[in-house]
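Q: Spelled out from the first residue to the last, the chains are:
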Amino acid sequence: MADAATLTVTKDPAPGAGPTLLRPSYDVLVVGGGIAGMESALTLGDMGYKVLLVEKEASIGGKMILLSKVFPTLDCASCISTPKMAATSHHPNVTALLYSEIEGITRDERGLFRVKLRRKPTFVDWAACTGCGECEIVCTVAIPDEFNANLVARRATHIAFPQAVPKKAVVDRFGTSPCSFTCPAGVKTHGYVSLVRAGKYEEAFRLHMEDAPLPGSLSRACYAPCEGECTRGTLEGTVPIRAIKRFMVDRYYAEHPVPEYGPPERLRPERVAVVGSGPSGLSAAYHLARRGYDVTVFESAPLAGGMLRYGIPPYRLPKDIVDRDILNITALGVEIRTAAPVRSLAGLKADGYDAIYLAAGTMEGARAGVAGEDLDGVTDCMGFLKRASGPEPMDLAGKTVMVIGGGNSAIDPARTAIRLGASKVVIQYRRSRKEMPAHDWEVAAALEEGVELQELKAPKRFVGEGGRLKAVESLTMRLGEPDASGRRSPVPVEGSEQTLPVDLVVLAIGLKPSTAPFAGELALNRNGTVKADPETLATSLPFAFAGGDAVTGPSMIVQAIGQGKRAAFFIDRFLRGEPVAGVRFEEPLPVADKAEVVARTPNPTPLPAARRAERPVAERVTGMAEVELPVGEEEARQGAARCLDCGGCSECHQCVQACPAGAFHFEMREQKAEELVRSVVVSTGFKLFDARRKPLLGYGRYPNVIDAMEMDRLLAPTRPYNTVLRPSDGKAPDNIAYVLCTGSRDCTVDHRLCSRVCCMYSLKQSQLILGALPLADVTIYYMDIRAFGKGYEEFFQQARGMGITFVKGKVGQVDGRPNGNLVVTYEDIEGGGGKKRMEHDLVVLSVGLQPNRDALRLFPDEPLEADANAYVREVDEDLEPGRTSIPGVFVAGTASGARDIPDTVLHSGAAAAQTAAYLKRMERGR
Amino acid sequence: MTASTLRDKREIFRDELVMRDRIAALLSGGPRTVPELAEALGRPSHEVLAWVAAMRRYGRIEERGKANGDGYFAYALKG
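Protein chains in written order, with the numbering used here: chain Z, 1 to 926; chain L, 1 to 79.
Honestly, I wouldn't trust all of these hints.
[As the list claims (entries may be wrong)] Here are some chain Z residues pointing at chain L (derived, C-beta under 10 Å):
1. THR140
2. LEU151
3. ARG155
4. SER300
5. ALA301
6. PRO302
7. GLU596
8. ARG600
9. THR601
10. ARG701
11. GLY820
Just so you know, these hints were derived from the structure itself, not from any lab. A virtual CB, placed ideally from N, CA and C, is assigned to each residue, including glycine.
With the rest of the complex left out, here is chain Z (with noise of 0.2 Å):
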């Protein structure tokens, strides 16, 4: 032994090999840090072994830690828990491995086992922690807490209970939330939305600033792809998260009406020139200059704002929330020099900037190639736009408006048409409306508003009389083989021919990159974007970053601000001369599982549909007034209700706030981990009966129906409530019944065994709450009381003689009261016989033990053998317990049995004293 407690962990030489642990690092693996691994680790530990323990929770102590007290000394059980938990924290020969999870045990041929490990991340560094909690109460995620019985809500940010050793917190993240891991600017749209459900609205709209720093437009404008993937879409509909993030701004903006930060600290020498002021633009010169550089943005346009200015319309848009948006970049120092349009990057350099991102967008409109194209009347959808958005816009009462294209460019202009009182707007689109790239929601809204949809149709040419459009000649198409892109291509119907009188013609058939200044200086593709690397935007210009619809072509406004906060991490790390090539850009958690979400709340409540309110059709045309309108605070707090907080932790970050050391650490990730031991515990403990397995005792469907676990914390020191109240209205309960043996000896449930500690265990409860409630009356429903262990039949003499009461009979039923009482049926067996009924106000159900099935699956190449009730089997429980069917593995407490204390602990002695016994043989050969 004493070798192997001084072995250290080498590597395999084999190269290719990977890296194989060759001796022994542990003596012994003890599994779970519940009563039975602690004892066994403990005593091993006192032998002199060097033991391991691992538990999958943050905290040693199992669940004996959660109990009021123990039988029949009624002793806290705190008191006798937490030495044992300090003394296996702190013992120089036991190593306690936290968070951790064992993926798989094997055995290899002298007899060693090769544990794979799993440490799961904390987020949390807890050599920092100190324990404050400070973290839970900001954190804005409620979470049923496992270590209450689930009675009351914890926090996604926790300390597992107060006694926890270690006393350090844990984050649950389950993976990054579908919401915020769609997002393409990085937007923690989960997180902004747990702040505004809970109230804080600024906290909310700075949690958004840190990613992107135009809220307002995309409150307004952003084709939302966070709702796309919501979870709760799955249900009666998404949560409204652009709805609320509307919210949140304009309130903000109200109280804020121009930032609340100056200029920040110029930290760094270098200058950085971006050229376009749209929302890419912005973006990156928004997080340079957070950055501390000086950034100025060239915008050719007389107004800054790109797209966001002159692209949108102001029904979707107010221009007013785009200025108060560009206030966020320019109260950073950032100047925005508008109608200074940009011809050379090499200039730019020449000038003085040391990078530069190039940002112009795609603010032209595509041509058609259709004859009569340069007719006076004919424009494109860029250009119609920024005129009916600038100071002089186009008067089109009683004209004839025709919009050729089907995307979300060809739907703009012609429902700005209609707002400038054209008498009559088509769009016409060339395959048929289910082929449209356009929202189909906003197709529908430009039909409600009364623009007509030609479908199949395409125009010949375009009539012109003296240079002016008079008439649009079309063609039918029909839709032939499927093209390149997987849609069917339009053909021409031969002879189809028809011509209708039109005033103006907006081609909407798709976007230009604004790059032709730059062709001669820098790689651009055939389609004019610009070449750039899609992870560092780096261009062929080594000093040049590109970015936004100038490189991606046509896209959302959310997309375009990415890389804006894209181009400021790369251009930074240029800057400062670090590698930007292979370097990673932002790397969240794996995205939660929508499936595993839904299946945590199987029954999920009903509700309507999120309302999403929209100006009358009537009203709207009638001006740019803004279609979609605002929801109040308790429709957004609402709103965020819905949220089902899919990856747990919801990247608030209030955690990072609040605590006073820097404890947390997003970005720590799952570590693997691989140890060779010689001898091995299993003490993975017990699980309790699940009373929904019982339906007519009413568990899960009356709040007054509780298990004894759920019990054994109301009595706790440490309980949920502030006393033993009953769960359904906080009343002190005064007639208090305990249904012995449920789900114990019972076939109905296939779990013929006695639980072994329901009668001692409801007893001891019995008699706290008479502690509790002096004047309360306990009825003990039962079959039979074993009061088999040193001092239990006094234990149970000392309840009869405290007045509870004993009922022999077996219960059947338990029904609910409007008052919240219950009514239990019974079988009366001493009582004269026959079936009765007794009412009380509050029914605990006295849950047995079960099996926990996991230590059966720790090795995977050499099952551990399970006895005919599945718990682990002793091969020789008189004569040699604790010794499984696999040499070298033990197995101590309940893992094997049900058991209660004072048992769990004689058997993890006896499990040691065989893992001691075992290591001294194999020491010796034999």
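Using the hints, position chain L against chain Z.
A: Chain L only, in chain Z's frame:
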């Protein structure tokens, strides 16, 4: 009280983050019991207890004195 009135605990607990401000507003007018709060909020009393318990846990409210004659404690804003 029937099965149909019980919601999933996850849903109930999530609602605390919205309901706690309404409960706090009610308690600003003086201590109240769970049934009194439930009546004022128009929500089931077992859900209100869950919210009250969480508010108490995280230091926003506390019980005042002993239970009344019907066995109910009154809760009040802390501090």
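Q: Evaluate each hint against the coordinates.
A: Structure-based check of all given hints:
1. THR140: Holds, because the Cβ-Cβ distance from THR140 of chain Z to chain L comes to roughly 6 Å (cut-off 10 Å).
2. LEU151: holds, 7 Å
3. ARG155: Holds: closest Cβ of chain L sits about 8 Å from ARG155 of chain Z, inside 10 Å.
4. SER300: Violated, because the Cβ-Cβ distance from SER300 of chain Z to chain L comes to roughly 47 Å (cut-off 10 Å).
5. ALA301: This interface hint is violated because 44 Å lies over the 10 Å limit.
6. PRO302: violated, 45 Å
7. GLU596: violated, 13 Å
8. ARG600: OK, holds: ARG600 of chain Z within 10 Å of chain L, min 6 Å.
9. THR601: holds, 5 Å
10. ARG701: Holds. Min distance 4 Å.
11. GLY820: GLY820 of chain Z check passes; min Cβ-Cβ to chain L is 6 Å, inside 10 Å.
Of the numbered hints given earlier, the model fails hints 4, 5, 6, 7; all others are met.
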